[in-house]
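Given chain A, put chain B in place with the hints provided.
There are 2 protein chains.
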Amino acid sequence: MNARPRLIVIGGDAAGMSAASQARRLRGPEELDILAFERGRHTSYSACGIPYLVAKTVSSAEDLVARDPETFRRDHAVDVRTGTEVVGVDLDRRTVTARGPGGEETEERFDDLVFATGAVPVRPPLPGIDARGVFGVQTLADGIAVRSYVDEERPSCAVVVGGGYIGLEMAEAFVERGLRVRLVEAAAEPMGTLDPDMGALVRTALTGMGVEVHMGEPATALRTEGGRVRAVATEKGEYPADIVVLGLGVRPNSALARAAGLEIGPTGGIAVDARMRTSAEGVWAAGDCVESFHRISRRPVSIALGTHANKQGRVAGTNIGGGYARFGGVLGTAISKVCGLEVARTGLNEAEARAAGFAFETETLASTTRAGYYPGAATVTTKILAERRTRRLLGAQIVGWENAGKRIDTLAAALWGGMTVEDLAGLDLGYAPPFSPVWDPVQITARKLAERM
Amino acid sequence: MNARPRLIVIGGDAAGMSAASQARRLRGPEELDILAFERGRHTSYSACGIPYLVAKTVSSAEDLVARDPETFRRDHAVDVRTGTEVVGVDLDRRTVTARGPGGEETEERFDDLVFATGAVPVRPPLPGIDARGVFGVQTLADGIAVRSYVDEERPSCAVVVGGGYIGLEMAEAFVERGLRVRLVEAAAEPMGTLDPDMGALVRTALTGMGVEVHMGEPATALRTEGGRVRAVATEKGEYPADIVVLGLGVRPNSALARAAGLEIGPTGGIAVDARMRTSAEGVWAAGDCVESFHRISRRPVSIALGTHANKQGRVAGTNIGGGYARFGGVLGTAISKVCGLEVARTGLNEAEARAAGFAFETETLASTTRAGYYPGAATVTTKILAERRTRRLLGAQIVGWENAGKRIDTLAAALWGGMTVEDLAGLDLGYAPPFSPVWDPVQITARKLAERM
Chain A
1 MNARPRLIVI GGDAAGMSAA SQARRLRGPE ELDILAFERG RHTSYSACGI PYLVAKTVSS
61 AEDLVARDPE TFRRDHAVDV RTGTEVVGVD LDRRTVTARG PGGEETEERF DDLVFATGAV
121 PVRPPLPGID ARGVFGVQTL ADGIAVRSYV DEERPSCAVV VGGGYIGLEM AEAFVERGLR
181 VRLVEAAAEP MGTLDPDMGA LVRTALTGMG VEVHMGEPAT ALRTEGGRVR AVATEKGEYP
241 ADIVVLGLGV RPNSALARAA GLEIGPTGGI AVDARMRTSA EGVWAAGDCV ESFHRISRRP
301 VSIALGTHAN KQGRVAGTNI GGGYARFGGV LGTAISKVCG LEVARTGLNE AEARAAGFAF
361 ETETLASTTR AGYYPGAATV TTKILAERRT RRLLGAQIVG WENAGKRIDT LAAALWGGMT
421 VEDLAGLDLG YAPPFSPVWD PVQITARKLA ERM
Chain B
1 MNARPRLIVI GGDAAGMSAA SQARRLRGPE ELDILAFERG RHTSYSACGI PYLVAKTVSS
61 AEDLVARDPE TFRRDHAVDV RTGTEVVGVD LDRRTVTARG PGGEETEERF DDLVFATGAV
121 PVRPPLPGID ARGVFGVQTL ADGIAVRSYV DEERPSCAVV VGGGYIGLEM AEAFVERGLR
181 VRLVEAAAEP MGTLDPDMGA LVRTALTGMG VEVHMGEPAT ALRTEGGRVR AVATEKGEYP
241 ADIVVLGLGV RPNSALARAA GLEIGPTGGI AVDARMRTSA EGVWAAGDCV ESFHRISRRP
301 VSIALGTHAN KQGRVAGTNI GGGYARFGGV LGTAISKVCG LEVARTGLNE AEARAAGFAF
361 ETETLASTTR AGYYPGAATV TTKILAERRT RRLLGAQIVG WENAGKRIDT LAAALWGGMT
421 VEDLAGLDLG YAPPFSPVWD PVQITARKLA ERM
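From first to last, the protein sequence lines stand for chains A and B. Here my numbering is used: the first residue of the first sequence is 1, the next is one more, and so on. Here my numbering is used: the first residue of the second sequence is 1, the next is one more, and so on.
For reference, chain A alone in the conformation it holds in the complex (with noise of 0.2 Å):
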């Protein structure tokens, strides 16, 4: 038994892997013994960079990883067990049980413990789902096994089921290695958290990528031949497929959490507090598998994105390793793209918008990336919703073509601030014919809404 105090990570990824590098910026080996275990083979690798490893836009899963187990164990004193899953938290007794590669179980202690536990995708009970040629896209190895397929099995045709940022990004990855794309969405428009008014756009553009959609059809069954996926039925049809892959969204991964007595909030995440404090005195928590608090809702809300999970284990890290550090709660941004068109949200949408009790009004307007004469200017479409009363802003979402997407930011950092229509309409944004229009398709936006309201 070693007497230096000892944290315990479980997850290896970005959340876990943020709060022990944290850690130990602050506190050297001698100081705390780090041990992370990790069920899968890969640490810190970029799960959002899946969709451009099938698609090939990244050459190699090792680009995908920010720093390897051996990374950490040699510069950064982290003991990581990779292939090793922690089965048991005993919080009374303050250890944990990790069941390694080959099955044999080991008891560790600890005096603080992360839980970065990430999130489990959602994987309905559909016949055939078992099937070979049906794969998620959660994990490095996820990616690997569909780039794999596609590689060896030559497939023709693929089938995405599930229209949000996973789907598309999976649609464009299947496009551009030359299959017929086919998606399959239950909602009546892809991008649940746009506005179904954009997400039209949305699927309007997909249509003219040559992806065929299919919109309010939610998959009912997969057929197989010899244990192998050929097509995906839904009430409306049945659409051939020599792969399917299932972006149906994830949920947080809590039940090691609940079942060591952890308190679980409403979404299923580990609640937490600022500090990513757990219920329990140094547990922490961090990454998909809790839920944050949402700075226009007032909600806790689970979302699972690599962003918060880095910035949530560098709180946690900084806690951890006696710093002072808060995480200041998140708006939902989200950023996609799919063959060319940028899609992107923040805050609230009007669905969510009158689940939180909010009396609002919307604007919706086109304008253009660049001015209008300078070659490239493409079409941006905005919409903003704002409050009725204080004219602060809610929420915002952009589906436009090349360089539309980030200009998310400006709104982001509008409702973080807690601006009104009028003070985006006024800010003092950057302004070039090669950039913007003289003014800028967020501002635009604001203008007309501030003048309706």
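In short, the hints are calculated from the structure, not lab data. In this text, all values refer to a predicted model and were calculated from it rather than measured experimentally. A virtual CB, placed ideally from N, CA and C, is assigned to each residue, including glycine. Accuracy of the hints is not assured; some may be wrong.
[Said to hold, decoys possible] When the alpha-carbon atoms are kept at most 35 Å apart in a straight line, the in silico DSBU-like pairs for lysine-lysine are as follows:
hint: 1; chain 1: B; residue 1: K236; chain 2: A; residue 2: K448
hint: 2; chain 1: A; residue 1: K56; chain 2: A; residue 2: K236
hint: 3; chain 1: B; residue 1: K236; chain 2: A; residue 2: K56
hint: 4; chain 1: B; residue 1: K56; chain 2: B; residue 2: K236
[Claimed, not checked] Examples of chain B residues lying across from chain A (beta carbon under 7 Å, computed):
hint: 5; residue: G49
hint: 6; residue: D273
hint: 7; residue: R277
hint: 8; residue: T307
hint: 9; residue: Y324
hint: 10; residue: G328
hint: 11; residue: G340
hint: 12; residue: D409
hint: 13; residue: T410
hint: 14; residue: G417
hint: 15; residue: G430
hint: 16; residue: Y431
hint: 17; residue: P433
Leaving out everything else, chain B in the frame of chain A:
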């Protein structure tokens, strides 16, 4: 004589015509006469587009004209008189004296008056400055003249005098037109609104683009031959030039307002309040001729830029039309591009922060515009200044390649909202591999600065 109230606008470009249009929107032709004098031929054109007209990125001068005089007359019932210069204003009698194209003078009464007289280019009394082949690039007529000269005289080498935004954009234009380009600038680095360390990045990039950069060399004379420019002389050398463009900045064109007895501020711009009212009742001013409140230094500044002109004109027009609007001030945000290099800034640079009496820290950090593994990830260097005690952001600068520059908007929004470096580091910005590393470059820089403070 007409009994209807009458608005006279002096200057038919962005600020003046925004004021006219907005006043018209609020008060119809039966309620308000609007008369606008423009001494040139064009109204409401994009002066910022001139370099692209010269480069032939934009095909014709008409493309830069948002609305021509005829459109204003027909659709907005604004009596636009081009080729007509206002030569005197009598505030007591509430009249202006205008000199028409034929030299004839008329006197016109007003109830409300808007000064939108723009800026005058700095034009030092250098020997040879009036030679053929020497151009300013302030008005659309200037742009047309430069383009014609390149088309017809086929100059092979150009010297751009002045390394600010317009100088760089003209250097780019000449590179695109196939000329050999030299840039001559008095300061040690180009882009004087950046700090020298960031300006040095621009200089290096310019050199890489084949532009011969002569810094620390004020032009002392223009050599001529038969009335035509042949070279630009500095204390260090003489540089052959078939064409010379002067990009030495501008100052507010406030002579007419001064002569009329209006209060002129310390920067030489017309003093206005947030509603764009001058020191005289019913007399307004907007655009390059005024001085604006700088939100960080809290001092008046004169910044000639189309965005401010548009917003200020609109504010004046709203107030004249019986509405209520205020201009929120400026941050000095600016963005430009030279052969793929993007340069942007907002708030105060080091010299400005010192002059404003701030104690501050800075951080400069190189990152990438996309996830490092994503194709097209390019270098972006971000510099951030923050006040020492409050940790509030004071300013930021960006120099980088494709997709670098517009990130200045995030910083501008953060500055506008009075955020600290920690606020900025915590923002929920859009992340996906094609758009950003998992920590956006502006946030990594903010985080590093926060760690040090």
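* To do: Against the earlier hints, flag every one the structure doesn't satisfy and list their numbers going up.
  => Hints 1, 3, 6, 7, 9, 11 contradicted; others consistent.
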